[in-house]
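Peer 1: First to last, the sequence lines map onto chains E and P. For the first sequence, the numbering used here gives the first residue as -6, with consecutive numbering after it. For the second sequence, the numbering used here gives the first residue as 304, with consecutive numbering after it.
It is worth saying that the hints were derived from the structure and are not from the lab. Yeah, the Cβ is synthetic: ideal placement off N, Cα and C, and Gly gets one too. Take these hints with a grain of salt, some might be off.
Unchecked claim - A few chain P residues facing chain E, derived, Cβ under 10 Å:
| id | residue |
| --- | --- |
| 1 | Gln370 |
| 2 | Ser379 |
| 3 | Thr434 |
| 4 | Ala436 |
| 5 | Leu444 |
| 6 | Val481 |
| 7 | Asp850 |
| 8 | Ala851 |
| 9 | Leu856 |
| 10 | Ala857 |
| 11 | Glu858 |
| 12 | Ser862 |
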Amino acid sequence: MRGLGGGSADRRPQTYFLRAFALLLTFLFASATSAASVFDHPATAQQLLEGVLKRPAHELATEPVLRGRFTHRRYIAELTAPLVSTGEFVIARGQGIYWHTLEPFDSEFILTQRGIVQHDEGVQTLKLNAEEQPVVRLVARIFLALLSMDVQSLTSSFQLYGAQNGAAWQVGLRPSAAGVAAVFREAVVSGSSQVDQVTLFDANQDRTEIAFHDFDASHAPLTAAEKHKLGL
Amino acid sequence: MLVLVALCAGVVLPNLKVETDILALLPTERGDETAEAAVDAFSQRLARKQLFLVGATTAQRARLAAQRFTDVLEKSGAFERVDLNVASRASDQLDLYKAHRAYLLGDRDLEMLRAGNVDLLHREALRAAYTPAGLMRPLSLAEDPLGLAADFILQQVPAMGAAHLDGANLVVTDGERVHILIVAELKGSPFAGSVQEQVIPAIAAATAQARDALGTASADFKLVSSGVVQHADAAARRANAEIQTFGTLETITVLVLLIVVFGALRPLLLGTLAFTLATAAGITLTQFMFGRVHILALVFGSSLIGGVIDYSIHFFADRFRDPDHWTPASAVEHVGSAILLGLTTTLLGYAVLVIVPFPGLRQIAVFCISGLVVGCGTVLCMYPLLTRWRRKPPPFGPYVGRKLDELMQRWRWTRPTIAVCLALTVLIVIGLTRVQIQDDVRALQSSPPELLANERAMAALLKTGVESRFFLVRAASAEELLQREEALSDKLDTLRAAGKLAVYTAVTRNLPSLATQHEAHDLLSKRVYVEGGLLQRFMHELGFTDDAIRQRLAEFARSEPLTPDAWLASPAAESYRSLWLGVVDAQYASVVTLGGVKDVSALQDVAHAMPGVRLIDRVNGVTEVLRSYRRAMSWLLAIIYCVAGCVLATRFGWRDVPLLLLPSVLATGFTLGVFGWFAVPVNLFTLLALWLVLGLGIDYGIFLRHGHTARTTAILSVTLSAVTTLIAFGLLAFSATPFIRSIGLTLLLSITFSWAFVMLSCLTHLRSEGSGL
């Protein structure tokens, strides 16, 4: 159960993953504000943690496991309507993300420090090992840090921005390194009492919005079934 | 003579290339010249690679220091390339893919299409469109609807051990620091002095400035580096320092000794002349024949001191025979034949080394034969002309000779002395049974501990051991080569699945054979990029317009196959270029590197079963070569003793041959016995040294036999010879380079033993006084 006790000063990467996810959960309960303005307000990691993210960061430290539902919308420039999928997720701080798409089809996506595994209707269809695939490793690292708002870790790859409007806040990220820019152009995480939405802007005109809702209030530790799904 | 000196000084010395790599002594792949050339080509490229890890306690500081480090290295002009940012490679790969998209496919996609599994491809494309799985694709959904580009590019970034991409850099972290990887390539061979002179100061300057860049946090800075050039530089520096120290000590001692014994400068000057001419001849001929001179040939070259100075000593010591009526001409008459006989047996020994297909030994033999012939010629032809010696020689030399002679005269083979000798012999025989053999090349060449610690730290951080094994693939054409590599890759995939191999890197991952490219093109055009094919169905399903679909189809139609030439010219080939050897000896060759080898014999089986594929294991190969040559040399040594016996028999008769040969044989045995007791390992270089002892020991015997009419003179001249040789070689026993230390230690013991045994065998009587030999 190491790492699930929450809040310890353990600096291993696993733990920052968990911390990141806890932070993400915090963001989920915020109300959306305008995405355009946040990039007018550059900030350092320190400023963010002491200002905009003070409350969510505290929440984050106490929540080892987050469960809920998501709505994933992909806006493609050439398409008139977004591609929408919905499903459920489990974010285990420092351990991994379980992303279960239920509509329009059944598909599981499991992201850990070790790599990526996919299941279609229960059958494993893809396995990418982070040890052998540096790109997978980079992507896994960024998304784990992003979804958990691990601000310290994000500073190595991003310039950070922060804005606040009453209870609502936004954190903006722009890749400072070319390797990351290939994955997305900028990201906005918004919330109020918790994290509400993550928006990723691609290098072209496409964007992806992930909205989090219907959180499980129990915050119970990972069940045996969930651990199995995460490959723990 | 003048011509020789002028040639040596004017032409050879300025272009002299001294080789310090032990591997250069050895034939690497016997009986396969092409493989050797290809392996050399790859090794040379690999040797030019230099890795640095610049570390600091925070990522920000590490980046700052790494940037400064890179800037200084780049500005120094000592490096061909210095790579800090690797992210640009991903966009290079993307450009390559876009230009050849109709022909390039990732392994997985190719397998799916081969199996006709279009449905699976469809399902994956859907998932990428609707879930976060599609977020990590380098092209937009419209540009790469099926994710084929993403799959191809994903398999391109070769794994660099534990290093991971962080932003644009490859980074490893340990408990304390964040380290950023910098890969640099030297402009020339790391063994070249000119390269070392540029690179080593550049690294030092870059290190200092990178540390300064951290300002108050400079204590944070840590540099770990790995590469051949630092080892080569350290070896060259050490060899230079040793040559200087040992050379100076040696010169001073020999100088003092000769002045004390002969009481005049002329023997010294003439000795120096003979030695200089001999060395000049050796270096000149070796350089002309081999294009370079190995440090070991130079070391053995100092055996010319043992040889040429010996001849000088024999010549001048002859004066003590009759100081008042001696003339240089009479000296030639007296010692000339003995010198020539000694030279003959020694040359015979070296002549055998010329025949052995071992480049290092051939160099030594050529060096010594030419040096000895020229030296001996100088002594016998020029000394009589140049020697003017009026002053009476000092009494010290004859005194020593006389005392030694008296000691020998008084020696009696009594029961106790025989008992002691027998006991010693038993001890030595026991020692012989304890002799340890050391053929491992890594034990013979050592680097300063701090450099070795650096290499270990690098390996620990990157979590990859130094893998010395790799596959060499060869074929008559580039296309055949790529096809063979693909066939090899299939086999290696099977081994990986079975856990016998962790990773491998092959050119075909980036540049598939034309056959595979055409197969991919056929599959794509039949099932995907066709009216009613997967692309059209899928794009319609998502709601793309017909225009967008037509655009994709047009791109496909425009695309061309990727040829090796186009690939080599593109920046995308950068990561793989060192694996592509191009044309080596009229054959195309490439290398497949390995990582995490668990089962060597499985790899061997793969290599044996495939045409044009060989598993190269350099370290084990070299160790194997050292072992087989050590064995061969042992036999040759025995044979040479027999041949020398025959030569000596023609001059002295069969009865005396054992007496002349036994001292050398016993000295060899005793030396090895002592090594056994003191756990000094025996290797090829020990045997090389014993080769020298053969010649020297026999020389001593010949002189003592020959000098029967003037015992004191003979004793003096043999003793002087032994002492000068001991000085010349004994010092090598203190060398920091293990294989040179081996030679020094062997000679230190065996020369002492031979001298003692020669004295005992030639000057004492076994039965009773006066019974003769």
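Peer 1: Output the numbers, in ascending order, of every earlier hint that fails for this structure.
Peer 2: Structure breaks hints 1, 2, 9, 10, 11 and 12.
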